[in-house]
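Those sequence lines, one after another, are chains A and B. Under my numbering, the first residue of the first sequence is numbered 1, with each subsequent residue one higher. Under my numbering, the first residue of the second sequence is numbered 1001, with each subsequent residue one higher.
If you are wondering where the hints come from, they were derived from the structure by calculation, not from laboratory data. Treat the numbers as computed from the prediction; the structure is a model and nothing was measured. It is possible that part of the hints are untrue.
What the hints assert, rightly or not - Simulated restraints, written as ranges between beta carbons of each label pair:
| id | chain 1 | residue 1 | chain 2 | residue 2 | range |
| --- | --- | --- | --- | --- | --- |
| 1 | A | E354 | B | S1123 | 37 to 47 Å |
| 2 | B | E1212 | A | V587 | 37 to 47 Å |
| 3 | A | D313 | B | I1227 | 37 to 47 Å |
| 4 | B | M1241 | A | W152 | 53 to 63 Å |
| 5 | B | G1320 | A | E568 | 16 to 26 Å |
| 6 | B | P1126 | A | D313 | 26 to 36 Å |
Unchecked claim - A few chain A residues facing chain B, derived, Cβ under 8 Å:
| id | residue |
| --- | --- |
| 7 | C43 |
| 8 | L69 |
| 9 | L122 |
| 10 | D130 |
| 11 | Q132 |
| 12 | S134 |
| 13 | E137 |
| 14 | R162 |
| 15 | G163 |
| 16 | E212 |
| 17 | P298 |
| 18 | A300 |
| 19 | F304 |
| 20 | S309 |
| 21 | S310 |
| 22 | L312 |
As the list claims (entries may be wrong) - According to the in silico footprint, chain B covers these stretches of chain A (three or more CB under 8 Å from chain B):
| id | region |
| --- | --- |
| 23 | 286 to 296 |
| 24 | 392 to 404 |
We put the CB at the ideal spot given by N, CA and C, even for glycine.
There are 2 protein chains.
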Amino acid sequence: MSFIIEFEPIGIRLVCEEPVTVAAAARQAGVAIRSLCGGKASCGKCVVRVDPAPASAPGEAEQELLAGLDPAEGWRLACRAVIATETRVYVPVDSQTESQVIQTEGLEWRSAPQPPVRMLPLSLTPPSLDDQTSDLERVAEALRQEGVHDAWAGLPALQAMRGALRQGRWQISVALRGSEIVGAFPARLPQAVGLAVDVGTTKVACYLVSLETGRTLSAAGVMNPQIAYGEDVMSRLEAAMVDPANADRMAHDVIEAINGVAAEMCAAHGLAPEHLLEACLVGNTAMHHLFARLPTRPLAVAPFVPALSSPLDVRADRLGLRAAAGARAHLPPPIAGFVGSDHLAFLLAAGFGEDGRVRLGLDIGTNTEIALQARGQIVSCSTASGPAFEGAHIRHGMRAALGAVERVTIDDEGLAKCDVIGGGPAVGICGSGILDAVAELRRTGIINARGRMDPDRPHVRLEEGGLPAYRLVRGSDGHRDVWLSQGDIDQVLLAKGAMRAGIDILLGELGLGPEAVDEIVIAGAFGSYLDPQSAVRLGLLPGVPPERIHAVGNAAGTGARMMLASTECRARAQALARRIRYLELTVVPGFNRYFAQGIRLPAV
Amino acid sequence: MSFIIEFEPIGIRLVCEEPVTVAAAARQAGVAIRSLCGGKASCGKCVVRVDPAPASAPGEAEQELLAGLDPAEGWRLACRAVIATETRVYVPVDSQTESQVIQTEGLEWRSAPQPPVRMLPLSLTPPSLDDQTSDLERVAEALRQEGVHDAWAGLPALQAMRGALRQGRWQISVALRGSEIVGAFPARLPQAVGLAVDVGTTKVACYLVSLETGRTLSAAGVMNPQIAYGEDVMSRLEAAMVDPANADRMAHDVIEAINGVAAEMCAAHGLAPEHLLEACLVGNTAMHHLFARLPTRPLAVAPFVPALSSPLDVRADRLGLRAAAGARAHLPPPIAGFVGSDHLAFLLAAGFGEDGRVRLGLDIGTNTEIALQARGQIVSCSTASGPAFEGAHIRHGMRAALGAVERVTIDDEGLAKCDVIGGGPAVGICGSGILDAVAELRRTGIINARGRMDPDRPHVRLEEGGLPAYRLVRGSDGHRDVWLSQGDIDQVLLAKGAMRAGIDILLGELGLGPEAVDEIVIAGAFGSYLDPQSAVRLGLLPGVPPERIHAVGNAAGTGARMMLASTECRARAQALARRIRYLELTVVPGFNRYFAQGIRLPAV
């Protein structure tokens, strides 16, 4: 059951599939809400009014920070208020960061848009027996008078133009990409819009963007329907190898899902998909190859070679994407077989390559892509961290959603105290909660440096098979207990080992140690919920001060929007892509040593 | 039942659907056979050896010109020998005009080809875990070493390249269009070939052409399957208006017909359609719009405006044309709603715009397109001449094929003597025969200057309805009589009136009279059979000496081949198209007067 959140006064709509905090929704939608504490309910800058008021009451800290504003009237902190139904969110001016800036929590995009496509209204003299000038030449002549020379059109736009001219009675709007006519519409069109898409393995984020202002008009997410062919990238690639028809179906399914979301977003603004004048799609390399129908087998087997590592401007209809007749889809370059254009989009949005600091960028998922900027270089790698931080392969794991344990502290008695998303009873534990839990279990010595759980501690029991498990939550009122098993902890350690090995190898490649890192930027949902102190304490991240660890939410989506709306951003991304040197971890000498070291937990 | 004629030693194959003279077949196939008399069996230059020898014996004149060569061994004149079965034609050196020159009887194309696409074999180092360079970058790097910089590829070629690289084990052939990779093939390809097509309303002529030498490797014609939607252009346009699905079906049908012929021609050379690296399609503007799926309604109603009047390079697969993944189809510019790119191709092949002579170019059909070059200008028009010269709407009319009366003389007794194509009994009369007959009927006074037939003359009878008819052939051995009715003559006069009005209006537009014409060039089958003296005598053509009237066969096909194989020819055609000024006859003052004058027959 999807529902819509509308942000006022900016008028951005977001289609949601599951309960979210206002802050997370705003991040997804590209709405800029102030936050100094990074969503920890400690700065009180993110005050919003929510209509209708959420069912859950504010906690004590939130109540205090609201400073007299009445929760019954809908006043809440964006980082705490959870929305699960159709809602209007009013963002007061004081809570807005710079308006009309696409941002991902502190990462702002300030360039004026340099749109690849613009719209021109034209008023033409109708043809007659004395003036049989062809349609294209008539339009080209009118464009010459507007200062556009050598206008031309491909076949699809010509086909559309012929009807538009007559339907519009020789009053049309022409979409121009340089001197190429990519669309023609009867009469005047309200605005030039495009579609930015971040095709994730699990979720597909779509943004309807004004090409004139660069503003996001609507944002909506949808589950990637390819999940029917496997949860992770590798199982999809295998499905494509088993039967090429699977590859076709996966391409078709994801594009149709995008078409569906795009049509909804367009309709909400009185537009049709045929009004989309340009698209920009980012994704990991497997997603990129699948939706571009490029053979994926070489991605699945060594040496994991992508079809190309340059950007591709392809007519949208070649992808099956509904858009203006001659509209193009810009596909930014993949970096390597396992580092995709989504990572590039993230690095672009996060401003990598633009200063001299030593910066780590992580996109944590089943595969974790890592980039390190230092000493004028950028190196990147991908590491198979597994889905533990997404709550998968964890007995009581779940995504960061309503009912998930997201924060854990363990007291001296070994009793866990948990924060649950939405404030209600716990139904499971998400990535950030798992991370907290393991850090606390280690701090309290319930697990040792190799992650072995002490079966003699309180709240630990021996399970069938003789392995211990720790009770995180004692269920009440009919809710189940939430446990963390030895197996769960092993999963977390494997993920941590892989990630940390990647980080250390990149640092080593540039001759640096962990202490050299100035800043860590983390993309993705996990990063938004992650407690930096836990991550550092656990050794998942190098030991930098927590305020230098930044979660930037769906930065790949931001990057996609930047590249959709601005040719300058495209050029910057392309230059960035050329600078990034990909490191294949499997051939790095001593990888196993790094990995074994990464798995270990710190001394208490 | 189609059969193949193979010309040796040039190795060109032609697929035929019906019996033809060797000379006509050679014209269609672009094989250059000498001829001084223009196919009148009087010069004896076109001696060929035919294997197997044709069933019909040579006539007396032919026998004499063979000068002792034995017809039983297959020696014949190309202009007389009719072939109706699979045959090998040997063209002796003495009977060849300059070899490897595409010609259309006296119109030769001497430029070296400047092909739009070339083929390069590449030998690549396979990727490894230490060298994960993407496919495209690997190929681009190899191309850089061959001096090709900035190589790129669109999505279809990228898709094909990925398979070709692995199938060819990193030995591939790459088809390059400028710096664009339009095809990639495992291992080496024998040669770079393309497809030229002249899409006529009735027939579609296809040519397989070497892009390296410009030579025609195969030629084949096929009936335009759109004929199911009407015989002429206007009825097809109406069918498209009645139901847009008809337009789709017509586009699909003609392209599938081309695909079928192209596949056969490719197979005969050990190639697949996917080896076609470029295509060039010409046709009248309705055909052009139909196969390009451009809306045709504006062509069918005043002011008859085409969608464009510039060339279009469109990916072949957008037309449904089978070719290399990224291959393009070049569609030369239509000139006006009723003067198509086929007329441009004809004028290009005939060298219009290249000298200072006063030249008339005619493409005679249901619509006759006329161009006049004079005084540094080129003007053109189209006139609805009707299908009389194609043998349609004539009681015993037929196409110029086996059994058709093609020459008529009437003696002092009013008795007709007829030459029949193939030498057997007459079964009907084709355009050139009709023209001869009308000229002779006028010369002998059997019809008057307004075309009325004198019912009191021998061989004339009054038919039901009270109108006279003239017996051209008295049937024997069970064959029918062939008659020419008053209605037939009226049809011819209407056609003549329309054509001559067009000619005179163009001449008047440039301030010239008929006597100013230096040369008349006639394209199409009718022109090849036409007796210039009859045409002049009838007043169909201005009175220029017969030797200045040239039939050039399928010159549009020649022009298409020129533009397929040579970018220089494309540029020349484009410049020519820009120079041609189209005259809409319906708005010319005094059109009716010109028409009435054109209908009249000359005094005897």
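Comparing the hints with the structure gives:
1. A:E354 to B:S1123: 37 to 47 Å: 41 Å, holds
2. B:E1212 to A:V587: 37 to 47 Å: Check passed, 44 Å falls within 37 to 47 Å.
3. A:D313 to B:I1227: 37 to 47 Å: 41 Å, holds
4. B:M1241 to A:W152: 53 to 63 Å: 28 Å, violated
5. B:G1320 to A:E568: 16 to 26 Å: At 39 Å between Cβs, range violated.
6. B:P1126 to A:D313: 26 to 36 Å: 29 Å, holds
7. C43: 45 Å, violated
8. L69: Given a least distance of 54 Å, the restraint on L69 (chain A) is violated.
9. L122: Where the cut-off is 8 Å and the nearest Cβ of chain B is about 16 Å from L122 (chain A), the hint is violated.
10. D130: At about 6 Å, which falls below the 8 Å cut-off, the nearest Cβ of chain B leaves the hint on D130 (chain A) intact, so it holds.
11. Q132: With a minimum Cβ separation of about 5 Å from chain B (threshold 8 Å), the hint on Q132 (chain A) holds.
12. S134: 4 Å, holds
13. E137: Status holds, d = 6 Å.
14. R162: For R162 (chain A), the interface hint holds, since the closest Cβ of chain B sits about 4 Å away, which is under 8 Å.
15. G163: 6 Å, holds
16. E212: 28 Å, violated
17. P298: 7 Å, holds
18. A300: Given a least distance of 13 Å, the restraint on A300 (chain A) is violated.
19. F304: It holds, given that the least Cβ distance between F304 (chain A) and chain B is near 6 Å, below 8 Å.
20. S309: Because about 4 Å separates S309 (chain A) from the closest Cβ in chain B, which is inside the 8 Å limit, the hint holds.
21. S310: 6 Å, holds
22. L312: 7 Å, holds
23. 286 to 296: Holds, because 4 residues of the region 286 to 296 of chain A bring their Cβ atoms closer than 8 Å to Cβ atoms of chain B.
24. 392 to 404: violated (count 0)
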